[in-house]
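Please build the complex by placing chain B on the supplied structure of chain A, with the hints as guidance.
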Amino acid sequence: MRDPEHIKEVMQLEFSGSELNVRAALQSLMAGLVGAGLAEDDLGLIELVLAEVFNNIVEHAYGSGSRGPIFVSAAARAGWLDFRVTDEGRALPSGALAQGGLPQLDGPLESLPEGGFGWYLVRKLAADLSYQRKDGRNRLTFSMPFQADICDAGPGAAGGAENLKKT
Amino acid sequence: MEFSCTEAGDVLIVRVLAARIDAAAALKFKDALRALTGAASHVVLDLRDVQFVDSSGLGAIVAVMKLMGSARRLDLAGLTPTVDKVFRLTRMDSIFTIHGSVDDVPKFYQAG
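Residue numbers (the working numbering), protein chains in the order written: chain A, 1 to 167; chain B, 1 to 112.
What the hints contain is simulated information worked out from the structure, not anything from laboratory work. Among the hints, a few may not be true.
[Unchecked claim] Okay, the calculated bits of chain B under chain A, using three or more residues with CB under 8 Å as the criterion:
id, segment
1, 5-18
2, 21-35
3, 40-46
4, 66-73
Note that beta-carbon positions come from the ideal geometry of N, C-alpha and C, so glycine has one too.
The following block holds chain A by itself, in its conformation from the complex (with noise of 0.2 Å):
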């Protein structure tokens, strides 16, 4: 039995934002999902969702030189994870979300991207995709689905997550 109201918050982190801390982060939270009883086909797109959040934060919110939080919170509702992430780096160009079309491909060997597949990645593979500037900072929020159940499992299945919290 589902229920959809039911909302349970799974797991929060907070990193500095560095390659190597999004890379950790990453394992963190995968392990979370992994001890919440999420099946591993789903947690795949849902590493590569988040890695390419994370990422875009790194380069770009903060760039080069700069470094400063990263917070991520997940909760689950019957088949959905819904994903805050917040910074306080630099906003989004023009103040919204790229459009994240796939890259041209039919051109020749030497033009082919070698990138530009971050945003189209997750407009493609991620529900409800939000974009927030407030007080400074940035709140992208976003929802991926999963097969298992974890909102019903008993009350031991998000201790993997639990642990999780270093906030």
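Same frame as chain A, now just chain B:
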């Protein structure tokens, strides 16, 4: 980041002995591959140990292909499920020849 290289006929197989080709590894990956591939005319990148590639890692693999130029070729082999999805989602599976595993490589080219 570690690699193991095997020569099979005219093909240089480079196995990536790392779980991730991500933003933190992309630059090292590109530099290492540039050195390892040398003048080899045909390289197959064995990705069986790689569980995760993000868009930076994908960009680094594309960069290696571009460094090799159009007279040499870079194929991929042994994509794990999530890595395979990244290549399909970005349509990069249409740019590279992708083998199920490195064991398929000799058969593929004998047949071709």
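*Hints the structure violates: just list their numbers, smallest first.*
1, 3
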